[in-house]
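Chemist: We have chain G already, so just place chain H on it with the hints.
Below, each chain spelled out in residue letters.
2 protein chains.
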Amino acid sequence: MVRSLVRRLLGRSQNNGTAAPALELPPEDSRARARAMVMGLQDEICAGLESLDGEGTFVEESWERPEGGGGRSRVMREGLVFEQGGVNFSEVQGQELPPSILKQRPEAKGHPWFATGTSMVLHPHNPYIPTVHLNYRYFEAGPVWWFGGGADLTPYYPFLEDARHFHRTHQAACDSVHPDLHKVFKPWCDEYFFLKHRGETRGVGGIFYDYQDSSGVLYKGQDPSGPAAGVSAQLGARPLGWEQLFALGQANGRAFLPSYAPIVEKRHPMAYGDRERQFQLYRRGRYVEFNLVWDRGTIFGLQTNGRTESILMSLPPLVRWEYGYKAEAGSREALLTELFTKPQDWLGDASLEDRCRPHGAIN
Amino acid sequence: MVRSLVRRLLGRSQNNGTAAPALELPPEDSRARARAMVMGLQDEICAGLESLDGEGTFVEESWERPEGGGGRSRVMREGLVFEQGGVNFSEVQGQELPPSILKQRPEAKGHPWFATGTSMVLHPHNPYIPTVHLNYRYFEAGPVWWFGGGADLTPYYPFLEDARHFHRTHQAACDSVHPDLHKVFKPWCDEYFFLKHRGETRGVGGIFYDYQDSSGVLYKGQDPSGPAAGVSAQLGARPLGWEQLFALGQANGRAFLPSYAPIVEKRHPMAYGDRERQFQLYRRGRYVEFNLVWDRGTIFGLQTNGRTESILMSLPPLVRWEYGYKAEAGSREALLTELFTKPQDWLGDASLEDRCRPHGAIN
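From first to last, the protein sequence lines are chains G and H. Each residue of the first sequence is one higher than the one before, starting from 1 at the first, in the numbering used here. Each residue of the second sequence is one higher than the one before, starting from 1 at the first, in the numbering used here.
One chain only, chain G, in its complex shape (with noise of 0.2 Å):
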């Protein structure tokens, strides 16, 4: 257990012992840079969704973690457009990392170390209106750093244009710090979201990364034989300082407000009845089984004693489970089921709209 779990944590590229060229140092006042940055943006988007929801507003709820740090958990429940949503931050530390994890690192022992993070997780009442989830962190351990993060898109009913929406703003967000980024950022995301059991991503994707230092190895995921590893292969190693992987946390960030909102806007006017709700209940069921079967951070924290309610707040407030549930075929059902959770080249490949044009589902 404990070695899945280290390598859970630390992925699969850093788990085979060989020595890593020495990383940039972080600048003097790293962990508090890192620090303000994710809870700036838990603020920046608190406040952008109250003003999109227009009625509901965020409770907030402190908490200290005994071991050292804490965090500031936001939701909203029952609001216009937010049945619930969730906005976390939190930061952590210690005196000095496991000694499961220093077999890995070894560069981090003597020191203390510091992980830092903002979450986000809104289920919308509306069918139409897609869940989002997006999360952004900063670790440090002495001389080992890393950031991480990322955003990505879960609708109930397919609309081609929601999606490519999403990636072209992820991407420009990415392609602002270097146009190579969202080659890989783009299909790690599919292969991380990825519900084996059902053979489904969790939804449309976008972006996500992770352990990205000054090393410049851009997927750094599980799979060696994936479109990302494979990508990242190609392209080599895309050395970025600290301040560069710095200004994408930021930029991606500050991208999800502009790449979610529209959206939002376009879908919240459209009525819906009993048979959209139903389904949307009985997708949430995938949520829930990709979040407690698959996704490494939620089982990491729920095993080492993380803050329960906090980790599990990305739950919807309402969910249905269905023995044997088969889409009618030809209904828009089954094309969010067999087109929006394969993966896509959302951007470049045109024949998508010739298969949502039938179903009205591009714009």
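Treat the hints loosely; a few may be bogus.
Because identical chains cannot be distinguished in the list, a pair is counted as satisfied if it fits within a single copy or across any two copies.
[Unchecked claim] Here are the simulated lysine to any residue pairs, SDA-like style, with alpha carbons at most 25 Å apart:
1) Lys183 with Glu91
2) Lys196 with Gly297
3) Lys266 with His125
4) Lys109 with Lys326
5) Lys326 with Gly348
6) Lys266 with Ala233
7) Lys326 with Gly301
8) Lys196 with Gln303
9) Lys266 with Glu50
10) Lys266 with Gly297
11) Lys196 with Val92
12) Lys266 with Arg307
It is worth saying that the hints were derived from the structure and are not from the lab.
Modeler: Chain H alone, transformed into the frame defined by chain G:
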């Protein structure tokens, strides 16, 4: 990951590489008899549940496993008593166990393996009727074989007499084979059905056992320092033969209907309101959390290409999560959480009555 999966399958105690004493050989028709036994349990239990429900019937779906074997899944939906109930039977087989498992049980090398079992989860409408689960199974690979199984009760509202009746009935079934078995299988159940991230048992427990072969070591679970291991060590080995362990599965399986039907008959007529329904939906979330985060069988099945719909038949039809929910102090909901999700000596501890009496939670 493989290492933790192997441990999930084999249990800790068989993972230490020491040579085990030779087991009694199973009878020649062991597989056919084990298969007929668990299949018979599925039939008897389904017939009993249909009669208990009075309206709902089971719909059967048969399936085949491409690698060998198959099963029949039976689901009742929207019965009078049961909102959803699933009773599975399966038998799976293969030519040889994977190398990672053979390393732990080298005696099985060169032998085909076989596993059969029945499992059941019932989700009643009425929040005063508990959810219940059972599973009885048999595994064989040449000279290696074992029986496993158990049943546990998950009430939403506290009734001491229901917990006692369920335990009393299963204790009698265990005692019919050997009077020491229940002393270990009861605390093993509390240990297995435990949500570490909530500090709660899944309910009032029942019995749980696994890897039972003629070696006679009763406890073969994950926690060498827990109460079940302690009692087992004190008792020492209780060598039972194949026939006795077969009889144990049979007796426990047949104890299920008498352990549960009287509870249904007593609680079904009780009127309930929205408060009780909402609490039931909320507590069902714990059932999902246990099954997807902690249940070895579920996780192993999902990660190794099991039949997803049959595995997830255990999930409730409708579930609610609520951030930061706390039951009102002094309420029945608080009593459920404080007393009925902690291990108790249901049959021996008379002080439980004092805790339950003020809430009318005895009978």
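Chemist: Can you give me the call for Lys183 and Glu91, within, between, both or neither, at a CA distance of at most 25 Å?
Modeler: Answer is neither: 30 Å inside a copy and 45 Å across each miss the 25 Å cutoff.
Chemist: Regarding Lys196 and Gly297, is the shortest C-alpha distance of 25 Å or less found within a copy, between copies, in both, or in neither?
Modeler: both (17 Å within a copy, 16 Å between copies)
Chemist: With identical chains, the pair Lys196 and Gln303 could be close in the same copy or across copies; at 25 Å between alpha carbons, which is it: within, between, both, or neither?
Modeler: Cα proximity of Lys196 and Gln303: in one copy and across copies (21 Å, 7 Å).
Chemist: Please work out whether the CA atoms of Lys266 and Ala233 approach to 25 Å or closer within one copy, between two copies, in both situations, or in neither?
Modeler: neither (39 Å within a copy, 66 Å between copies)
Chemist: Within a copy, between copies, both or neither: which one fits Lys266 and Gly297 at a CA-CA cutoff of 25 Å?
Modeler: neither (32 Å within a copy, 44 Å between copies)
Chemist: Should Lys326 paired with Gly348 be assigned to within, between, both, or neither, using CA atoms and 25 Å as the limit?
Modeler: neither (30 Å within a copy, 49 Å between copies)
Chemist: Within a copy, between copies, both or neither: where do Lys109 and Lys326 come within 25 Å Cα-Cα?
Modeler: The answer is neither: 52 Å in one copy and 41 Å across copies each exceed 25 Å.
Chemist: Between Lys326 and Gly301, at a C-alpha cutoff of 25 Å, which is it: within one copy, between copies, both, or neither?
Modeler: So Lys326 and Gly301 pass the 25 Å test across copies only (21 Å; inside, 33 Å).
Chemist: Within a copy, between copies, both or neither: where do Lys266 and Arg307 come within 25 Å Cα-Cα?
Modeler: neither (35 Å within a copy, 39 Å between copies)
Chemist: Measure nothing new, just compare the shortest in-copy and cross-copy C-alpha distances for Lys266 and Glu50 to 25 Å and report within, between, both or neither.
Modeler: within (17 Å within a copy, 48 Å between copies)
Chemist: I want to check one pair: Lys266 and His125. Are their C-alpha atoms no more than 25 Å apart within a copy, between two copies, both, or neither?
Modeler: Answer is within: at 14 Å inside a copy they meet the 25 Å cutoff, but 38 Å across does not.
Chemist: Go through the copies and call it for Lys196 and Val92: within, between, both or neither, with a Cα cutoff of 25 Å.
Modeler: Between copies only: 21 Å across, 31 Å inside.
Comparing the model with each numbered hint stated earlier shows that hints 1, 4, 5, 6, 10 and 12 do not hold.
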